[in-house]
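K.L.:
For what it's worth, our numbering labels the leading residue of the sequence shown as 1, then goes sequentially.
Hints should not be assumed to be uniformly reliable.
Ranges between beta-carbon positions, derived for each pair [to be verified]:
no., residue 1, residue 2, range
1, R99, N259, 38 to 44 Å
2, D371, V161, 37 to 43 Å
3, A37, P392, 51 to 57 Å
Just so you know, the hints here were simulated from the structure itself, not pulled from any lab data.
Beta carbons: idealized from backbone N, C-alpha and C, even for Gly.
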Amino acid sequence: MRTIPKEESLDIEFKSDLKCYPDHDLIEEIVGMTNTAGGCLFLGVEDDGTITGVHKKHRDPIGVTALIANSTVPPIAVRAEIITEEDKDVLKIEVPRSRGVVSTASGKILRRRNKLDGSPEVIPMYSYEIPSRLAELGMLDYSAQPLAGATLDDLDPNQRVRLRRIIQNRSGGEKTLLSLPDEELDIALRLVTNVAGNYVPTVTGMLLIGKEERIAELLPTAKAAFQVLEGTAVRVNEDSNKPLLELFESYETYIKAWNPERETEYGLFRIPIPEFDWAAFREGLVNAFCHRDYTMLGSVRVLIDDEGMTISNPGGFIDGVNLKNLLTVEPHGRNPALADAMKRIGLAEKTGRGIDRIYEGSIIFGRPWPDYSESTSRSVKLFIQRAKADLPFAKFVADEQNRQGKPLSIYVLMILSVLNNERRCTVERIVELTNLGENKIRSAIEFMIESGLIEASGKGKKSYLHSGKKDLS
Numbered sequence: 001m002r003t004i005p006k007e008e009s010l011d012i013e014f015k016s017d018l019k020c021y022p023d024h025d026l027i028e029e030i031v032g033m034t035n036t037a038g039g040c041l042f043l044g045v046e047d048d049g050t051i052t053g054v055h056k057k058h059r060d061p062i063g064v065t066a067l068i069a070n071s072t073v074p075p076i077a078v079r080a081e082i083i084t085e086e087d088k089d090v091l092k093i094e095v096p097r098s099r100g101v102v103s104t105a106s107g108k109i110l111r112r113r114n115k116l117d118g119s120p121e122v123i124p125m126y127s128y129e130i131p132s133r134l135a136e137l138g139m140l141d142y143s144a145q146p147l148a149g150a151t152l153d154d155l156d157p158n159q160r161v162r163l164r165r166i167i168q169n170r171s172g173g174e175k176t177l178l179s180l181p182d183e184e185l186d187i188a189l190r191l192v193t194n195v196a197g198n199y200v201p202t203v204t205g206m207l208l209i210g211k212e213e214r215i216a217e218l219l220p221t222a223k224a225a226f227q228v229l230e231g232t233a234v235r236v237n238e239d240s241n242k243p244l245l246e247l248f249e250s251y252e253t254y255i256k257a258w259n260p261e262r263e264t265e266y267g268l269f270r271i272p273i274p275e276f277d278w279a280a281f282r283e284g285l286v287n288a289f290c291h292r293d294y295t296m297l298g299s300v301r302v303l304i305d306d307e308g309m310t311i312s313n314p315g316g317f318i319d320g321v322n323l324k325n326l327l328t329v330e331p332h333g334r335n336p337a338l339a340d341a342m343k344r345i346g347l348a349e350k351t352g353r354g355i356d357r358i359y360e361g362s363i364i365f366g367r368p369w370p371d372y373s374e375s376t377s378r379s380v381k382l383f384i385q386r387a388k389a390d391l392p393f394a395k396f397v398a399d400e401q402n403r404q405g406k407p408l409s410i411y412v413l414m415i416l417s418v419l420n421n422e423r424r425c426t427v428e429r430i431v432e433l434t435n436l437g438e439n440k441i442r443s444a445i446e447f448m449i450e451s452g453l454i455e456a457s458g459k460g461k462k463s464y465l466h467s468g469k470k471d472l473s
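Produce the entire structure from the sequences given, and follow the hints as far as they go.
P.N.:
Encoded structure:
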């Protein structure tokens, strides 16, 4: 059975060795791979996947490993071995993902990318891309850096007044900040930093309270767009370089106009159910601005159309975050200084678990879960689908939260959502659908059984879970 993949990808590379593949080209391929996502290089395989065998010069895995280590800075520790496929020997080189930026011994820095046809290629990593790479790895906080060319005069006093008002009015704002004079407030929120004895604005400072015209000049990547489409008709299309505090207030106003609510009776009260949950919108917007790559051109984009709402930002998921661990990975971002300031101001979730609020906003109304599947290595895209609320399920969740006197955890909500759609389900199936750890799922299930939320039937591998409440089914 063939173990070598049949086609190339971003982390799989084939190289023909019939004519003895040049060592310097091999080193460049390895450097490009380690500076991207790591992966495997198969020496002795043609581009179309045909196995033709490794040249006798490259049959020594230890020698090839030493060659790569001696030809890269810092040295790359690869793992090489000869494998036999279709009666031919192939050199398999496993390349780790670098925790920094690696170059060839001659100083060439390279990375991999996919071409338009989906096939990979190695291209130069330019100097302006290095901060982006380091930020992606969590080794550089670009938002805490002084912004070249900026002075204290570039900070807008009117935006600082707005900043204080937001801290005062938001429930999560640190009210102790209000007692600080402007200079100390700027230092506390890392809006400025000391350079050679003088304070200058940081990227965070300019993003939050900078003058709009100076943001456009000094930080041209900090663009945002709000768009509304009805069919193919454009109803709203606004591009902006406004500071984030003003931008947030503007977008709050926009979303109210394009987020219709439906009222439903709940006991003696009538409660509104919006098309898009407000908390989910806010956290999606915060994540887009806090985790975007400010070294890349492009805009944070909010699009509302007939299908739903999309919030996208330049810059892919940072190292260690992927589609399967969004809800379980430890909170850490690309721009810690900016994220910290947003939390202290009261705009962002204090615990850094805004993703929970995004999922909760859909689940509590019985709607499809948020979708990040269109995210790539260069951008993150959140899609929240327009869908009619499942009112019986929404009332069931609200009743249960009132009965317990506290919100249900995201694990409990996701399990209830799965059972609402699947009717009955095994633990293994729930783990598969939610991408949550089995231990946490089992712990949540035990709590739910004890609370009477769900019931179990059957034994062993044939045991099923189903709702313990009539309202849910």
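K.L.:
Each hint should be assessed against the structure and marked as holding or not.
P.N.:
Against the structure, the hints come out as follows:
{"no.": "1", "hint": "R99 to N259: 38 to 44 Å", "in the structure": "42 Å, holds"}
{"no.": "2", "hint": "D371 to V161: 37 to 43 Å", "in the structure": "39 Å, holds"}
{"no.": "3", "hint": "A37 to P392: 51 to 57 Å", "in the structure": "45 Å, violated"}
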